[in-house]
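Residue numbers (the numbering used here), protein chains in the order written: chain A, 1 to 110; chain B, 1001 to 1115.
These aren't lab readings, by the way, just hints derived from the structure by calculation. Where is the CB? At the ideal position from N, CA and C, for every residue including glycine. Be careful, since some hints might not be right.
To be verified - Here chain A is said to cover these stretches of chain B; the calculated rule only asks that three of the stretch's residues, wherever they fall, bring their Cβ under 8 Å from a Cβ of chain A:
(1) 1014-1024
(2) 1045-1056
What the hints assert, rightly or not - Restraint ranges, calculated between C-beta atoms of paired labels, are given here:
(3) B:E1103 to A:P8: 22 to 28 Å
(4) B:T1013 to A:N24: 19 to 25 Å
(5) A:Y92 to B:A1014: 41 to 47 Å
(6) A:P110 to B:S1086: 50 to 56 Å
(7) B:L1083 to A:E15: 18 to 24 Å
(8) A:R22 to B:R1096: 23 to 29 Å
(9) B:D1071 to A:R109: 27 to 33 Å
(10) A:Q3 to B:E1103: 31 to 37 Å
(11) A:A65 to B:S1086: 33 to 39 Å
(12) A:Q3 to B:R1022: 28 to 34 Å
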Amino acid sequence: GIQVEQSPPDLILQEGANSTLRCNFSDSVNNLQWFHQNPWGQLINLFYIPSGTKQNGRLSATTVATERYSLLYISSSQTTDSGVYFCAVGGYSSASKIIFGSGTRLSIRP
Amino acid sequence: DSGVTQTPKHLITATGQRVTLRCSPRSGDLSVYWYQQSLDQGLQFLIQYYNGEERAKGNILERFSAQQFPDLHSELNLSSLELGDSALYFCASSPRTGPSPGELFFGEGSRLTVL
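Produce the entire structure from the sequences given, and follow the hints as far as they go.
Below, the structure is given as structure tokens:
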């Protein structure tokens, strides 16, 4: 089945810094989402982005499907951005399975 | 609020017992997914249903079973519980099935503790 790798696994930044999180996948995808899991365990939808670029405030994401990767950009980090960021993908060959990467744990220090 | 409702939010039980977790999808969504998240781990895909039929299966244990009812709510049954089954169980829903099921929305999860 499709493999999903996220990097870096951990990231510690000062408030106000910018960051780039990466998601690589091993096969063509027709479904890709970014989620933020906050410290209370809730999964928050950030972007549904199987291809192209989207922006929402300080966050933006780009998926280059032909090169099998997606990037999540966080600018001017705030302490509330802390948590784990997951990428989840569904491939053409994987039928209905939506597979999650292992996540990037982001810690923003005041 | 994602529109996906999971009950119970917390559950504490003993080894060997059986529990049922319930999920109501967003209005209009026909697909339901179940995931397991053990402590500080990623989300492991368990099973997916579309309009009452099983459509995809992950590494779901034989002690676990699920179904989706005609009103589209779903239940995940966990039996002969072991300590290692302690985890956060998430349900998600999406409009469709197949390789392009649309955006998934998650409930707040059911936290199961097995003592």
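Status of the given 22 to 28 Å range, CB of A:P8 versus CB of B:E1103:
holds (26 Å)
Outcome of range test on Cβ distance (A:Q3, B:R1022; 28 to 34 Å)
The hint (28 to 34 Å, Cβ to Cβ) holds, given that A:Q3 and B:R1022 are roughly 32 Å apart.
Within 8 Å of chain A's CB atoms, at least three CB atoms from the segment 1045-1056 of chain B: coverage verdict
holds (count 5)
Holds or violated: the 27 to 33 Å window for the beta-carbon distance between B:D1071 and A:R109?
violated (47 Å)
Does 31 to 37 Å hold as the CB distance between A:Q3 and B:E1103, or does it fail?
violated (22 Å)
Do A:R22 and B:R1096 keep their Cβ atoms within the hinted range of 23 to 29 Å?
holds (28 Å)
Okay, A:A65 versus B:S1086 on CB: inside 33 to 39 Å?
holds (37 Å)
Consistency of beta-carbon spacing, A:N24 to B:T1013, with hint 19 to 25 Å:
Violated, at about 39 Å.
Between A:Y92 and B:A1014, does the C-beta distance stay in 41 to 47 Å?
holds (44 Å)
When you take the CB atoms of B:L1083 and A:E15, is the distance between them in 18 to 24 Å?
violated (39 Å)
Within 8 Å of chain A's CB atoms, at least three CB atoms from the segment 1014-1024 of chain B: coverage verdict
This one is violated; 0 residues, fewer than the three required, reach chain A with a Cβ under 8 Å.
Should the hint that A:P110 and B:S1086 are 50 to 56 Å apart at their CB atoms be regarded as holding?
violated (33 Å)
Taken one by one, the earlier hints fail for this structure at numbers 1, 4, 6, 7, 9 and 10, listed in ascending order.
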